[in-house]
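Visitor: So the chains spell out like this:
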Amino acid sequence: DAMVIQNPRYQVTQFGKPVTLSCSQTLNHNVMYWYQQKSSQAPKLLFHYYDKDFNNEADTPDNFQSRRPNTSFCFLDIRSPGLGDAAMYLCATSGIAGETQYFGPGTRLLVL
Amino acid sequence: SQQGEEDPQALSIQEGENATMNCSYKTSINNLQWYRQNSGRGLVHLILIRSNEREKHSGRLRVTLDTSKKSSSLLITASRAADTASYFCATESNFGNEKLTFGTGTRLTIIP
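Taken in order, these protein sequences are the chains called Y and G.
Using the working numbering, you'd call the opening residue of the first sequence number 1 and step up by one each time.
Using the working numbering, you'd call the opening residue of the second sequence number 1001 and step up by one each time.
Next comes chain Y alone, as it looks inside the complex (with noise of 0.2 Å):
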């Protein structure tokens, strides 16, 4: 079945510890999105790629980056994560831009 692959399912990593989340796709779509979600909260756009063109919120911590090598996968690399940058982190597909996205099951991380 074509889906959205996150791994980890959970990261721990220490303050100050570079930590790289993954994200693969199968649905060969030209748009993949970052999502922030904290404890009971609405999930919050960090960036899109809209095939190679990258595309940054304003007010996403330069501490977070983002690769995309090719159309399937798309990483988040969080350089110096702290406390608050504990989190679920979504991956998300959508084939054509602003229409129905396709959600992995996340990467929860948290910070010692």
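Derived from the structure by calculation, the hints contain no laboratory data.
Take these hints with a grain of salt, some might be off.
Stated by the list, open to error - Reference listing, derived: stretches of chain Y covered by chain G, where coverage requires no fewer than 3 residues with Cβ under 8 Å from a Cβ of chain G: (1) 31–43; (2) 48–60; (3) 97–107.
Unchecked claim - Capping the alpha-carbon separation at 20 Å, the derived lysine to any residue pairs in SDA-like fashion look like this: (4) 1056(G) / 99(Y); (5) 38(Y) / 83(Y); (6) 52(Y) / 1098(G); (7) 38(Y) / 1104(G); (8) 17(Y) / 52(Y); (9) 44(Y) / 1039(G); (10) 44(Y) / 1007(G); (11) 1056(G) / 1024(G).
Every residue gets a Cβ at the ideal spot worked out from N, C-alpha and C, and that includes glycine.
Assemble chain G onto chain Y, guided by the hints.
Guide: Chain G alone, transformed into the frame defined by chain Y:
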């Protein structure tokens, strides 16, 4: 700031009853979508309604859209325990900026 506000924030009903959730938004939109999120999981797309549509059905789901009031409602009929989840509305603005803005969500609990 978040585009959508949802009402109520939390809703508990008996199994078999109908559940209604409301979403209000601030700017003109191309479409409005509803998503479900089970605890600790990714979001699942439920239904998309375009700005020129007023009502849409999918199984036990009924969505209405009133663009003059900038509001939408999601009705779940004959609720089941498996409907327990958080429900989010999301809007694509008519600026065509390729992204969705999520509402604050309604936490629905179905009591068996």
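Visitor: Counting residues of the stretch 97–107 of chain Y whose CB is closer than 8 Å to a CB in chain G, do you get three or more?
Guide: holds (count 10)
Visitor: Is the straight-line distance between the alpha-carbon of residue 17(Y) and that of residue 52(Y) 20 Å or less?
Guide: The given pair, whose Cα atoms are some 27 Å apart, is violated under the 20 Å limit.
Visitor: Examine the stretch 31–43 of chain Y for residues whose CB is less than 8 Å from any CB of chain G, and state whether their number is three or more.
Guide: Coverage by chain G holds here, the residue count being 6 at a Cβ distance below 8 Å.
Visitor: Hey, residue 44(Y) versus residue 1007(G), does the alpha-carbon distance stay inside 20 Å?
Guide: holds (19 Å)
Visitor: Closer than 8 Å Cβ to Cβ for three or more residues is the test here. Does the stretch 48–60 of chain Y pass it with chain G?
Guide: With 3 residues in contact (Cβ-Cβ under 8 Å with chain G), the coverage given for the stretch 48–60 of chain Y holds.
Visitor: Take the C-alpha atoms of residue 1056(G) and residue 99(Y), compute the straight-line distance between them, and say whether it is at most 20 Å.
Guide: holds (16 Å)
Visitor: Given the proposed pairing of residue 52(Y) with residue 1098(G), does the C-alpha separation stay at or below 20 Å?
Guide: Measuring from Cα to Cα gives roughly 14 Å; hence the hint holds.
Visitor: Please work out if residue 38(Y) and residue 1104(G) have their alpha carbons no farther apart than 20 Å.
Guide: Between residue 38(Y) and residue 1104(G) the Cα gap is close to 12 Å, so the pair holds against 20 Å.
Visitor: Would you check the hint for residue 38(Y) and residue 83(Y), treating anything up to 20 Å between C-alpha atoms as holding?
Guide: Status holds; Cα separation ~12 Å.
Visitor: Decide if the proposed pair is consistent with the structure: residue 44(Y) and residue 1039(G), CA atoms, cutoff 20 Å inclusive.
Guide: The given pair, whose Cα atoms are some 17 Å apart, holds under the 20 Å limit.
Visitor: Under the criterion that the straight-line Cα-Cα distance not exceed 20 Å, is the pair residue 1056(G), residue 1024(G) satisfied?
Guide: The hint holds at about 17 Å.
Checked against the numbered hints listed earlier, the structure breaks hint 8 alone; every other hint is satisfied.
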